[in-house]
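> One letter stands for each residue in the lines below.
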Amino acid sequence: MQDKIVEVNFGPQHPSTHGVLRVKVKLDGEVIVDAQPIIGYLHRNAEKLSEMGYYPKAQIYVDRLDYAAALNMELGFVLSAEKLMDVQVPDRALWIRMMMVELNRIASHFIWLGTHGLDMGMLSPFFYCFREREKVFRILDEITGSRLLYNYFAIGGVYSDVTPKSLEMIKTWLSDFDKNLTEIENIFKKSYVYVARTKGTGKLGLDDTISYGVTGPMLRAAGKKWDLRKNKPYLHYDQINFDVPSQQAGDVYARMLVRIEEMHQSARIVAQVLDKLPAGDFYNKKYSKPMLVRIKATGESYIPTESPKGEFGIYLVGDGSAIPYRFRIRSPSFANLSAAPAMLIGYKIADMTATLSSMDPVFGEVDR
Amino acid sequence: MIPVESEASSKDGVKIIYVAKENILQFLKEKKDEGFDYLLMITGIDYKDHLEVVYHLLSSKSGERLVVKAKTDGEIDSVTSLWKGANWHERETWDLLGIKFNGHPNLKRILLAEGWVGHPLRKDYPMEKKQYVNLKEDGYDSVSFEKKEGY
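Line by line, the protein sequences give chains A and B. Note that my numbering has the first sequence beginning at 1, numbered continuously upward. Note that my numbering has the second sequence beginning at 1, numbered continuously upward.
Pulled out of the complex, with its shape left as it was, chain B reads as follows (with noise of 0.2 Å):
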């Protein structure tokens, strides 16, 4: 068993459990076995002073659902080796977070273009610097933050 740092409820009844980050593919594989087979959503949380990686769990044969919290400072381990599904959250909470997933097979941006410097969802992250997608001449995208021909 892996230990459970602290237990909350959500305001719809959803249990929320807080795993300290080093056991979290360890507890949710666990999780799995017993049942919750689907990986509904993985997202992040910026609190300033830390980082928060959620993960929304379904089992669907009873239909009960879980909350998994983990604080971490920027890098968890990756769960794609659990579900597929796995993959694309990562990748997005990576491009908009700057969350780090340690054994991601492809953790590139997904929403933003390659090369975008910052983390949008940040709370720290600056709103009035504008940054523009460019067109390279072999068709490739580049990122800058002067505005280009052709972006």
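Chain A with its partners taken away, still in its complex shape (with noise of 0.2 Å):
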């Protein structure tokens, strides 16, 4: 019989692709010989729609981008902000930033380790997840008066301070989080399936992370020790102490453990950061909401921020005017999503569902 090299596509409507990832796939036999992600399935121009109004206007789009992890977005958009504008921060609006971007990174890898546990053909894993999260999700209510999408950071502070009802919520959940945490791990890295699917599937080296400009997670489990929250210190990271974790093999296995060991890291930081929350405003009562739209800037600006996913950052472009010249978001998804090629061919499209949910697209950020 000839070999044939047959043509598949898979999405942009499969269950497995985390949203709406179209990846042409060409097989021969059951081996992916080429892979080519397309996008675009969700552009609606973030970056235009931002160029279009005054500068706290942009945030209800940066909110949207990584939609599990709203508050990270946020956060790199009003650093950026502050930066362009001047605008000074009171230290406990920092804190409390601090806080509430760690558990939401904690909520956003919770959703990615219950739908990676789905793709893996692990049910109970998804719900135990979703039950962690949804505490998260209380808390996170509790203080910003929404669950998902929270528009919660400002220029120049924070929204609302942190109740004593939301307080004491955060310390009932950290009192059980690692123990919970740790029984969601032992599902995963007990299961003889799951390990065998993972371990050395879809193998992205240093070199070729680097290249492609791959952050994050990713990143670490490839073999390199770089977080931007240790490496380049941002809000007071420098005052906490977490580890980073790394791993070398850079599969899908490795990207699990990474992401498990920086939740435990992160509710390290929650704790920390409720020991040490100063008194004081909570944001800076020079700049009123109305006053926010008045404040022209020029320059340009960037700071970078580790989000769950990776680098996020917004670059901005002042021309004098109250309205952002320029507004690029650095999506990590975007270059992350990017490096797929690499990863799927040689691989079997069995383990195509394993590669692609490990690196966790978010396509509200791919596809801006």
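You may find that some hints are simply not true.
In silico EDC-like cross-links for lysine to aspartate or glutamate, where the CA-CA straight-line distance does not exceed 16 Å [as the list claims (entries may be wrong)]:
| id | chain 1 | residue 1 | chain 2 | residue 2 |
| --- | --- | --- | --- | --- |
| 1 | A | 230 | B | 5 |
| 2 | A | 171 | A | 275 |
| 3 | B | 21 | B | 33 |
| 4 | B | 32 | A | 28 |
Each pair of labels, with its calculated beta carbon distance range [stated by the list, open to error]:
| id | chain 1 | residue 1 | chain 2 | residue 2 | range |
| --- | --- | --- | --- | --- | --- |
| 5 | A | 320 | B | 20 | 23 to 29 Å |
| 6 | A | 146 | B | 73 | 44 to 50 Å |
| 7 | A | 190 | B | 8 | 23 to 29 Å |
| 8 | A | 350 | B | 50 | 48 to 54 Å |
| 9 | A | 127 | B | 145 | 45 to 51 Å |
| 10 | A | 34 | B | 22 | 49 to 55 Å |
| 11 | B | 8 | A | 145 | 38 to 44 Å |
| 12 | B | 35 | A | 274 | 35 to 41 Å |
These are calculated hints, taken from the structure and not from any lab test. Backbone N, C-alpha and C fix where the C-beta goes; we use that ideal spot for every residue, glycine too.
Take the two lone chains and join them into the complex the hints point to.
If you want it as structure tokens, here you go:
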């Protein structure tokens, strides 16, 4: 029988593509010989929309980039905008922000862990992960007033102070968080099928990782200890003790280990913030909301932050008016996804769901 | 050494270097050899009378950052030979800003549908003119100014 290359369309409406990713795969038997991700199905040009209104108005579009970790997206924007406008932020607001983004990072990693398990044919971790994620959302709901898209950080601080009740909720949640997470972790680690399917799958070497501009947990899983919270501290991360997990293998299993360890570390950060939270204002009283839309800015700024997916930042260019002249989003998922062909070619079609979900792409952010 | 046109600094203290567009590939190759191994993003800015291509570089050893800019009238050399990740970033810049990268292996639209008219991030892009992506009978997309069946 003659060898034949078969072309298969994977997505854009496939449950394991985590959104609207379409991959054109060429198969020789069941081995992938070519894979081309096709994106753009969720494109709404957030950059152009943000260039049409005043600086604070861009925040709702930023919120909707990585909707699984909206606060991390907001952080990248407010830091960059504050730098551009020379707005000072009170100390308490910085600590609150730090706590909030770590909580959101945990929520984001939980949704990843659950759906990743689902992709690998494990139903139960999905329910456990969403149970735990729900607890985080209850806390975020108590502080910000919403569950998924918060619009909570403002240029010059945060919109509302943390309540005593929310601090109690965090303390109760922290008391058994590590235990619950270890439970879920063990489901993965002790599943023979999971380990066999993920070890050695979707490998991306360190050279390729850097060449593709891949950041975040995928880079750390490939053997480089690189975390912007440690290497270029923003907020008050230099006053906090935490470790940067890293693995050498660069495969799907290593990425799972890195992300789970990151969640443990995030909980450690939250616990330390609770102890160190200073008293004071939670926003800069000099800048009321109507005033913020009148601030004019020149120059350019780009503050990189470590979002759950990798390096996120917004490159702002001002032209002296109150509207951003150029608003460029550096989205980690976009760069990470561009490395997909390198991770897929040569593996079997059955490994594809494992590899794609291990990248943790969120399409609000890829397509912008 | 490639001559530097001018230098500046951004508000977060990162050095900005302006290079002539003919030298951009050589200059970035030099910088890559100096240790700037990460290309974080390529983007463009439309200044109405000219376009600017912006490269954000990062050294993963020292953590140093660098912004390289080149003025262009719409064409520049591709850097896909230096960084694999440049591929998608250049496609996006072509798609949204209409900057052509010479020597790019596959310079097609990435976010918008093939056949789209204009480049949305240009300042003179007509915002009121709606374009519709329609489904053709053979399953591929086509773009037109009228709303058709199955858009």
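> That 38 to 44 Å hint for residue 8 of chain B and residue 145 of chain A (C-beta), does it hold up?
Given a distance of about 42 Å, which is inside 38 to 44 Å, the answer is holds.
> Has the given pair, residue 21 of chain B with residue 33 of chain B, been kept, meaning a C-alpha gap of at most 16 Å?
The hint is violated at about 19 Å.
> The hint says 44 to 50 Å between residue 146 of chain A and residue 73 of chain B; measuring C-beta to C-beta, is that right?
This hint holds: roughly 46 Å between Cβ atoms.
> Please test the hint of 45 to 51 Å on the beta carbon pair from residue 127 of chain A and residue 145 of chain B.
48 Å, holds
> Cβ-Cβ distance between residue 34 of chain A and residue 22 of chain B: within 49 to 55 Å?
35 Å, violated
> Would you mind confirming whether the straight-line C-alpha gap from residue 230 of chain A to residue 5 of chain B stays at or under 16 Å?
Violated - the C-alpha atoms of residue 5 of chain B and residue 230 of chain A are around 34 Å apart, more than 16 Å.
> Given the hint that residue 171 of chain A pairs with residue 275 of chain A, does the C-alpha gap stay at or below 16 Å?
Holds: residue 171 of chain A and residue 275 of chain A sit about 11 Å apart, inside 16 Å.
> Please check whether residue 35 of chain B and residue 274 of chain A have a Cβ separation lying inside 35 to 41 Å.
40 Å, holds
> If you check the beta carbons of residue 350 of chain A and residue 50 of chain B, does the distance land in 48 to 54 Å?
Given a distance of about 51 Å, which is inside 48 to 54 Å, the answer is holds.
> I want to verify a distance hint. Is the separation of the beta carbons of residue 190 of chain A and residue 8 of chain B within 23 to 29 Å?
56 Å, violated
> Hint says 23 to 29 Å; check whether the CB-CB distance for residue 320 of chain A and residue 20 of chain B agrees.
27 Å, holds
> Going straight from one Cα to the other, do residue 32 of chain B and residue 28 of chain A come out at no more than 16 Å?
Violated: residue 32 of chain B and residue 28 of chain A sit about 37 Å apart, past 16 Å.
Going through the hint list in order, the structure does not satisfy hints 1, 3, 4, 7 and 10.
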